[in-house]
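Based on these hints, arrange chain B with the ligand on the given structure of chain A.
Protein chains in written order, with the numbering used here: chain A, 1 to 486; chain B, 1 to 498.
Think of the hints as simulated: they come from the structure by calculation, not from any bench. Heads up, the beta-carbon is just placed ideally off N, CA and C, and yes, glycines get one too.
For each label pair, taking beta carbons as the anchor points, the in silico distance ranges come out as:
no., chain 1, residue 1, chain 2, residue 2, range
1, A, L379, B, Q379, 51 to 59 Å
2, B, N84, A, L379, 31 to 39 Å
3, A, M70, B, D382, 54 to 62 Å
4, A, P242, B, S344, 36 to 44 Å
Okay, the calculated bits of chain A under chain B, using three or more residues with CB under 8 Å as the criterion:
no., region
5, 91-102
6, 200-208
7, 235-249
8, 328-342
9, 356-367
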Amino acid sequence: MVNLLYQKSITELHDLLVRREVSAVEITRSVLERVERVEGTVKAYVTVTAEQALATAEEVDAKLAAGGDMGPLTGIPMAFKDNMCTKGVRTTCSSRILENFVPPYDAAVVEKLAGAPMIGKTNLDEFAMGSSTENSAFFTTSNPWNPDLVPGGSSGGSAAAVASGEAVYALGSDTGGSIRQPASFCGVVGLKPTYGLVSRYGLVAFASSLDQIGPLTRTVTDCAMVLQAIAGPDERDSTCAPGPVPDFNAALTGEVRGLRIGVPREYLAQGVDPRVAGAVGAAIDLLAAMGAEVEETSLPHTSYALPVYYLIAPAEASSNLARYDGVRYGYRAARPEDVVDMFMQTRSEGFGAEVKRRIMLGTYALSAGYYDAYYLKALKVRTLIKRDFDRAFTRYDVLLTPTSPTLPFKKGEKTMDPVAMYLSDICTLAAPLAGIPALSLTCGFVDGLPVGLQLMGPPFGERTILRAAHAYEQKAGHWRRQAEGV
Amino acid sequence: MNRRLATGAARRKGYRGMEYETVIGLEVHVELKTESKVFCHSTTGFGGDPNSHVCPVCLGLPGVLPVVNRQVVEWAILLGLAINCRIASFSKFDRKNYYYPDMPKNYQISQYDLPICLGGHLDIEADGVKKRIGITRLHMEEDTGKLVHQGTITTTPYSLVDYNRAGIPLLEIVSEPDMSSPLEARAYAEKLRQIIVYTGVSDGKMEEGSLRCDANVSVRPRGSTRLGTKAEIKNMNSFRALQRALTYEVERQIGVLEEGGRVVQETRTWDEGKGVTLSLRSKEQAHDYRYFPDPDLVPLVIDPAWVEEIRACLPELPEARSARYVEKLGLSAYDAGVLTAEKSLADYFEACLALYPEAKAVANWVMGDLARLLNAAGQSVDQGRVTPERLVGLLQLIDRGEISGKMAKDVLEAMFATGADAVRVVREKGLSQISDEGAILEVIRRVLTENANVVADFRAGKDRALGFLVGQVMKKTRGQANPDAVNRLLRETLQEQG
Ligand SMILES: [Zn+2]
Chain A
1 MVNLLYQKSI TELHDLLVRR EVSAVEITRS VLERVERVEG TVKAYVTVTA
51 EQALATAEEV DAKLAAGGDM GPLTGIPMAF KDNMCTKGVR TTCSSRILEN
101 FVPPYDAAVV EKLAGAPMIG KTNLDEFAMG SSTENSAFFT TSNPWNPDLV
151 PGGSSGGSAA AVASGEAVYA LGSDTGGSIR QPASFCGVVG LKPTYGLVSR
201 YGLVAFASSL DQIGPLTRTV TDCAMVLQAI AGPDERDSTC APGPVPDFNA
251 ALTGEVRGLR IGVPREYLAQ GVDPRVAGAV GAAIDLLAAM GAEVEETSLP
301 HTSYALPVYY LIAPAEASSN LARYDGVRYG YRAARPEDVV DMFMQTRSEG
351 FGAEVKRRIM LGTYALSAGY YDAYYLKALK VRTLIKRDFD RAFTRYDVLL
401 TPTSPTLPFK KGEKTMDPVA MYLSDICTLA APLAGIPALS LTCGFVDGLP
451 VGLQLMGPPF GERTILRAAH AYEQKAGHWR RQAEGV
Chain B
1 MNRRLATGAA RRKGYRGMEY ETVIGLEVHV ELKTESKVFC HSTTGFGGDP
51 NSHVCPVCLG LPGVLPVVNR QVVEWAILLG LAINCRIASF SKFDRKNYYY
101 PDMPKNYQIS QYDLPICLGG HLDIEADGVK KRIGITRLHM EEDTGKLVHQ
151 GTITTTPYSL VDYNRAGIPL LEIVSEPDMS SPLEARAYAE KLRQIIVYTG
201 VSDGKMEEGS LRCDANVSVR PRGSTRLGTK AEIKNMNSFR ALQRALTYEV
251 ERQIGVLEEG GRVVQETRTW DEGKGVTLSL RSKEQAHDYR YFPDPDLVPL
301 VIDPAWVEEI RACLPELPEA RSARYVEKLG LSAYDAGVLT AEKSLADYFE
351 ACLALYPEAK AVANWVMGDL ARLLNAAGQS VDQGRVTPER LVGLLQLIDR
401 GEISGKMAKD VLEAMFATGA DAVRVVREKG LSQISDEGAI LEVIRRVLTE
451 NANVVADFRA GKDRALGFLV GQVMKKTRGQ ANPDAVNRLL RETLQEQG
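Isolated chain A, as found in the complex:
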């Protein structure tokens, strides 16, 4: 089967560009044509920036013709989740309140990917709060494997764009699973890096102590390349780690012999779809057959991750989202009585139900008289969850779990039941709380739908989980299967 340009990986396209077999403009055209063909069904993008993408591609081609340097991502068309600020291009967070907000500055990751044609800004659950993109104020994105299903969330637009060939890769943000769960649902690779590996400058904050930007790609090699490009210190983000960035690509040896893999039993307990458990089990068997040492283990505080997350993340969000008041930018209510009324009407009309729910939860958790019982207690339990991982990583190089307890679900299936929706992230909440890296990749298919496998590593252990993921991917070969719903 001859892959069309838009179906190729970063590494394949890079080789073609280096050999001058195709131009950046040709690749970008191919992707834009794909967008034209399938976007009506997929609805991955809030904003498509075709002209800008072609202009960048032309610049790249001109530079290459003049003998300029070419980075591994130069000329490769991509997409940003619409919560990363792009100078001159509106950044909505899929919210009414920022529907017309045009940032005067670029996010750090946008600066770092300056030579990449940006196809557009992808859809998300409003302010990255959700697991299906159904909380987008504009529309729901479809799963490219079956348009009746959700693509996962909150980075559902980015995952669907990559899976459907509407972008070669995309950036997403992950606070409780927002990269990994949609990666799992859409059958792509998604990595949430260690907290502090990638600058958050220009990422519209949801929960500052949890948010991380990461890549969504078709292969693990592509994931390593994108991570290489976006990782590194940034003096504009105090929480960004100093020091040099390791060579991620060099870690992809294809070997897992002797790798110690722990499988925490709490992640395969009740609530996990047996078909998901089956696919994950098969992956474990394959890794063992490849020479990895696989062992069952325990992370005893796992069940607290969900309540802890739903105190800390909303608490931070309630403060982070306070700035949307209609005074300086974004939506403002039409006829307020006075300034307090302006705040109230603007926020009542500008925010959707889930965002309001979390602002209220967080405000409550931080209120006088409740702070100790909720927010402070949550911080303490967060430390216990971290310790679980610290202990586990003294014995194991990586931990392996399902990414999501279920297969992609139907649109509308969980919108009336917030807790059922929250449970969709049950396997992904702990990693951000512990600040550790976690990657999702496809480990099989059930009824034509992808199943995701999650690999977690110690802080700054990206090289190890990328190595494990890469070796597995090469052996299992699921990455070759293209989304069949569009």
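Showing chain B with the ligand alone in chain A's frame:
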């Protein structure tokens, strides 16, 4: 009313014979004069068009992050050391959440439970009594923007917001409730300002808002150990206003109690024009600020070696400087106190001393005639035109006998007004003193000849006659003869002739 009552009594007798004690604590906000704001690179410069000193960070745009200005931390430590605080080894920033349109993020980055400096004190003197006032804490925070209303806040059809000040670094210094009179509160505030200016971290100008004072005031029956209900007083824009407002508030609270009422816990604002405090909001309307650690900023781990480095940079503070003037320069305690009250004055004094090491003479001129001229012109010494070099030039003219001390006062006035140096003023005004003994002797001989009868009186033992003769010599020289020389030469001539 005696003086104590007039300044807001430390102890006051109520109408029913009850004695009351006043308890005051101050919260002082100081605007630091760093080049850039506390969490971004925007300038802190004064003036400029509205919203011209801003960037995405201090405007609180979506996606921005704060990064702490190292200079702010350094100056917080410096001032903390100057007011005898302990420097925390671990400190953090917190968010203070409340909605107000002059707040770009609708939270203020401040410090809540782990401030950078703790437990200091200042020694003050009020009404001749020395007292030590405890300092609870010093912490860092960011300033807010400024609302511009059309008319008043209640009638304005719209308001404009200027964010130039948003993000300017502030230090808040919270005292213990150790002050027992408005006069003590004023003395504390003035002392704190003096030290702030000495450390150079702020202009400390209350009128311009770079130093702001809020006070917590309560009264209680004398001897009672329980604190009375306090009111928080805001909007006092000078030290005088601070003292007046507190005096009014103490009387008001005693009045309420005397009438059998209860003091309400509330925030009150000082109305300078009417001379009263007015209720702003009650405790029931008080905010729940929902403080929590700012996840965008990493905690500050402060290396003791860094603190020592900063300590080494502490300038000599007013108390030490004043003591040195007494011990090393032999000035009186009073003179030393006056000279060190303002850092700029003490610096000026020492600049003069470096050129002219006569401490007493310099002190007299600086504190006397120069201070009088500066006060009249409303200038501080560093704004005046009489530089240390010029003042010393004047003193040297006196020493050389070219002008008299009395003439020098007029010369200084002219120097102050025109900015010219002493030599030029003397030349242009033709004021030069005649020290040429030959010239003076010539005049003396003429005077003696013209006043033979007076000379006779002198020889007959009438001492007053000598004064008359001196006056005649001075008159003939239009006051330019050196009086010492005239006296000496006149006596010598009379002896010779006798
Ligand atoms: Zn700024």
